[in-house]
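In the order they appear, the protein sequences are chains A and B. Per full-length UniProt numbering, the first sequence starts with residue 1, numbered consecutively. Per full-length UniProt numbering, the second sequence starts with residue 1, numbered consecutively.
Everything labelled a hint here was simulated from the structure, so no lab data went into it. The reader is advised that the hints may include incorrect statements.
Identical copies go unnamed one by one, so any copy, or any two together, can satisfy a pair.
[Unchecked claim] Straight-line alpha carbon distances no greater than 25 Å define the calculated PhoX-like cross-link-like pairs of lysine-lysine that follow:
1) K144 to K180
2) K445 to K166
3) K166 to K598
4) K170 to K598
5) K250 to K180
6) K497 to K166
7) K599 to K289
Below are the chains, spelled out letter by letter.
Number of protein chains: 2
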Amino acid sequence: MVSKEVKAMSHFQVKIMPENRVIEVEHGATLLNAAAKAGIMIKSGCGGKGTCGACKVVVLSGDPIIDGTGNLTSEQLSKGYRLACKTLVQGDMSMEVPLESRLQEHQVLLGDARKGFLQESKHDLLEKFGRHPLAMKQRVTLSKPTLTENSSDWARLSIELRRALKTGDKPIHIPLSILKHLPESLRKANWDVSITLTDTEEGLTITNIEQGNDIPPYGLAVDIGTTTVVVYLVNLITGEIVDQQGTYNKQAKYGDDVINRIVYAVESEQNLIEIRDAVLETVNGLLDKILARQSLNHKDIASAMIAGNTTMTQLFLGVDPRYIRLEPYIPTMTTVPSYPAREIGLHMLPEALVHCYPSVASYVGGDIVAGTLVTDLANGEDIILFIDIGTNGEIVLGNQDWLVACACSAGPSFEGGGITFGMRAMPGAIERIMIDPETLDVSLKVVNNLPPVGICGSGLVDCIAKLLSAGIIDRAGNFQLGHPSGSQRLRATADDKEFVLAWAHQAGGEKDVVITENDVKNVIRAKGAIYAGIRSLLNMVAVEIEMISKIIIAGGFGNYLNIHDAVQIGLLPDLEQERFEFIGNASVKGARLALLSKKAWREAEELGRKMTYVELSVGATYMDEYMAALFLPHTDITLFPSVQ
Amino acid sequence: MVSKEVKAMSHFQVKIMPENRVIEVEHGATLLNAAAKAGIMIKSGCGGKGTCGACKVVVLSGDPIIDGTGNLTSEQLSKGYRLACKTLVQGDMSMEVPLESRLQEHQVLLGDARKGFLQESKHDLLEKFGRHPLAMKQRVTLSKPTLTENSSDWARLSIELRRALKTGDKPIHIPLSILKHLPESLRKANWDVSITLTDTEEGLTITNIEQGNDIPPYGLAVDIGTTTVVVYLVNLITGEIVDQQGTYNKQAKYGDDVINRIVYAVESEQNLIEIRDAVLETVNGLLDKILARQSLNHKDIASAMIAGNTTMTQLFLGVDPRYIRLEPYIPTMTTVPSYPAREIGLHMLPEALVHCYPSVASYVGGDIVAGTLVTDLANGEDIILFIDIGTNGEIVLGNQDWLVACACSAGPSFEGGGITFGMRAMPGAIERIMIDPETLDVSLKVVNNLPPVGICGSGLVDCIAKLLSAGIIDRAGNFQLGHPSGSQRLRATADDKEFVLAWAHQAGGEKDVVITENDVKNVIRAKGAIYAGIRSLLNMVAVEIEMISKIIIAGGFGNYLNIHDAVQIGLLPDLEQERFEFIGNASVKGARLALLSKKAWREAEELGRKMTYVELSVGATYMDEYMAALFLPHTDITLFPSVQ
Ligand code: FES
Ligand SMILES: [Mg+2]
Ligand SMILES: [Mg+2]
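In isolation and in its complexed conformation, chain A is listed as follows:
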């Protein structure tokens, strides 16, 4: 053991924001190491050589040794940005680790959409529904038994709980695992106990008995996406989002989309368990991280609400997903029963219930129902269109009187799949592009201002709009090699045609970053699928585009989308920008809402039942609409009056 004096001389405290965690490190430690010690992983693309700039952090206080600033701009330096790998601790200090410098978490949409665009407050419906969480905690002090006041331990506890909670006749259930140790639980606490309970329509269930304390109960709101998983830790008393964490779904190794996951899962009983465990591990991993960060324990988690698409929900529960992908596409369940965490495998109170959002059909899942709840779509006269664009584009249309929903296979283009240089909206992704129509010279906006390495979904939409307006492609997406500019960027290859977005030397790689004719056609098919879905729903209920008062867009891709571009290429209906709204990760927000409000949860279940699922593969309408939409912006140009 080092003596206290020596220790005081060579160790310093580093506070890390926004976590507000304090870590003790040795003199000379890098901020990269300090963060790692706190469980916060910072990106280090160059391996800590100080060249990639991915590890930038903001020094808030203190005076560390600066061993290099790499490619940081003077503007960044003036704002306090430093390279975590080249900044050494020599005294107490504090730093902020910005989202974009964090490993994994950075590209997961934790919830909120971009600032200034979304009126977030409008969507916090908690006020409206009222706070009445699905789990609670009650402290009670029991009278000690005597020979004359000799009722059983369980009678003593349940009567006092009933009195304190004013539950009336509602049954209170005690699980066997807790009953077994009830005598000791009460006596060790000297009859002053804190009781955690799950509260459902059918009754109250005790999920924990501990020494009386005033720690609030916490709940988990979880969005299980096919690609990413997001967890909110919610204080069930205040409703506050105490912490949040997101990462990739570990199921990714079994395939990118739900179809591939199902194919893998149904090969054997073992595969199903394996793929279920992968998502469990993902959620538990996020949870463990949050608990460590908040100095909380698994037993403090009293409830969980999961929102995921139908396949994700079935895989999460280990329920045979076979028939989701076989005609007539039947999910095992739409309304999902709640089960104790111990049966599911989540790291929380074993007896606490895990709830899953109801689905509507095999391809309109709980994430969409959660999103629909958050949009408040079903509570006014105005007709609202809600779109979640991911690998599948799910669309909901309706108002207080009716709701229709459909899913269209947009394909993975907008998430970077099937596109030569496609990527997610990570650092290095081209997100905006400008093309000089005369010279075809290009200027790019790249995430984090790094050298461009690929193009993300919103970049693609922009790119295609610009290719079109520059005359590089025609309305069918065909490349026009005879462009008057004679630019070198527009060229034919052995088996395709392509346009160079960034030359290899600019890209810092060995290859030119290009977009090919095939890429363009893929995007046209993807946007066509979504637009045809929208049109099919509108046709079905005889609603004109103009009658849509609001279009709400959810999901990671939507979040970065430029509306003008999206209308230009015919992905979104041609309405004024004011009618569009971004809602971010609506799924996890809906999960939080239901976790905090029994009324919201009831309404969610009601929503699931009310929504009419439209199977697009039935009838010719969708196919006709799809064929008509395989044009920029559309075969019927009158649908896009604002597009020149």
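Based on these hints, arrange chain B with the ligands on the given structure of chain A.
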């Protein structure tokens, strides 16, 4: 491998009745071995030497080799009785193994009391409560899903179930283990399925889904006694007791009474599991036997109802029993929640619920509540006294308006414990005794007319009554060595005085079978405890003995008791014989009733709450009554007008 021909030549089939089991044995095997091979244990007191006669069976058909007939009488031989140990198989044959020849099971009171005394029909309250079992089975045929009729599997099933069962709004729950395989369950059965469900106040729970069939659902009614365990297999449609089986509680090795069991159980977590497993094994063993006999499967058992005293119930569930034996004697629970069989470990449908009768207090348990339900005690104006005499004597007094109950430590005398030649009512037990008051000559009635080896509870009561009337003991139980007969039977030993019931040569043993002064004092203490309990309850509610319209006696000992003797020694109140009634194993009967009728089950829970438990150790009344009762029949002889 033996060739088929050789095998046919040397093996024969032995059918065993009433099990109707067929066993294949080799030429020359004894019937004792054949039965053992079938899992039917026959007693063999002499170890198969052909001398004790304990192994007698009835040969029904076939022509076995008779190698000896030992002490069988010519009358027995003419009825087909043979010694199982000395009868050898030489061809196909069949035999019956009578109850009295069976090891273990024979002395367990399966339910019915002696014929001719009990009006059994009066106690079948099923008519009154109405048949509405706690579990049911419903066959439904579902429509196949199509693209337009594409509701989920679970929606399809639950809607159809709801329609078939007319359950209205009652929630139907599906366990995760069943949901996981729902798609295959429905499709493999081609949408024609039989659904087993548990039906409780809180809702219906699916416990099995199988190919459509018409096998009825079965239930288990179980009496878990400290000493013996009895299982009824009940057809939940007809209410019929299809089969029954009883044996000793395997917990016996941890102590004879509940106190010793608790002491063992609380030594460690492991001990508690061990002692719980012992009773589980006992019940599962009986169940397995019954299922094999009935060619049924564990999945056919859809419900279980357990009645046991408070300690037995807690140990069965593995619930810490520590405080039952520590002042102020607090049980963990009186009302017992129901749990799925998989959590408890019973060999039945894993998701089917196991229900336990509620207790009243630490020493008035679910067996007494079950018995009280069967006596119909709480449903008329007449005051009824219900007594269950075992190691503990539990007493209930009341009518429709009030119910009081207490427990008194009678000690094990009536079950043979603490008595020099005490034994249970097994073959060889003295059950009746006559003593010539002049000569003190003795004639005995011994169970199964075997040579006497000991004396059972009812024999003891009779014996003491006869010792008293012959002037061998005085009213305090003191031996009168100066009896005018001068009989050799009455004698002093080094440290006690005794009376010889049977000489060694008659008893077929090496020792005279005697009753000692100490034995007599033990019985007086036991009967005093019970009578004092009765008097204490009567005093408490200011009821005179004469006001008791009926005394109902339950339990194995009660079943063989001679009322006249019992009144003579002051064990039972001095009322005319017509007011006494024997009810047999009321506990298992009550279990069956609640299994078959939700109304009965509700009334049982109501009974448990209504009963006022009187703690005899509080206040002086009981002690005074006890001291006064340590006399034959009592210090206050006016309480026993019929006793000379
Ligand atoms: S790790 Fe690359 S600059 Fe710091
Ligand atoms: Mg999503
Ligand atoms: Mg009993």
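Quick rundown of the hints versus the structure:
Taking the shortest alpha-carbon separations for K144 and K180, only the intra-copy value of 19 Å comes in at or below 25 Å, while the best inter-copy value is 45 Å. Taking the shortest alpha-carbon separations for K445 and K166, neither the intra-copy value of 59 Å nor the inter-copy value of 64 Å comes in at or below 25 Å. Only within a single protomer do K166 and K598 lie at most 25 Å apart by alpha-carbon distance; the minimum there is 17 Å, versus 28 Å between protomers. With identical chains, the CA atoms of K170 and K598 are at most 25 Å apart both within one copy (15 Å) and between copies (19 Å).
Taking the shortest alpha-carbon separations for K250 and K180, only the inter-copy value of 21 Å comes in at or below 25 Å, while the best intra-copy value is 37 Å. In this homomeric assembly, K497 and K166 never come within 25 Å of each other (Cα to Cα): the closest approach is 72 Å inside a single copy and 67 Å across copies. Neither within a single protomer nor between protomers do K599 and K289 lie at most 25 Å apart by alpha-carbon distance, with minima of 30 Å and 51 Å respectively.
Checked against the numbered hints given earlier, the structure breaks hints 2, 6 and 7 and satisfies all the rest.
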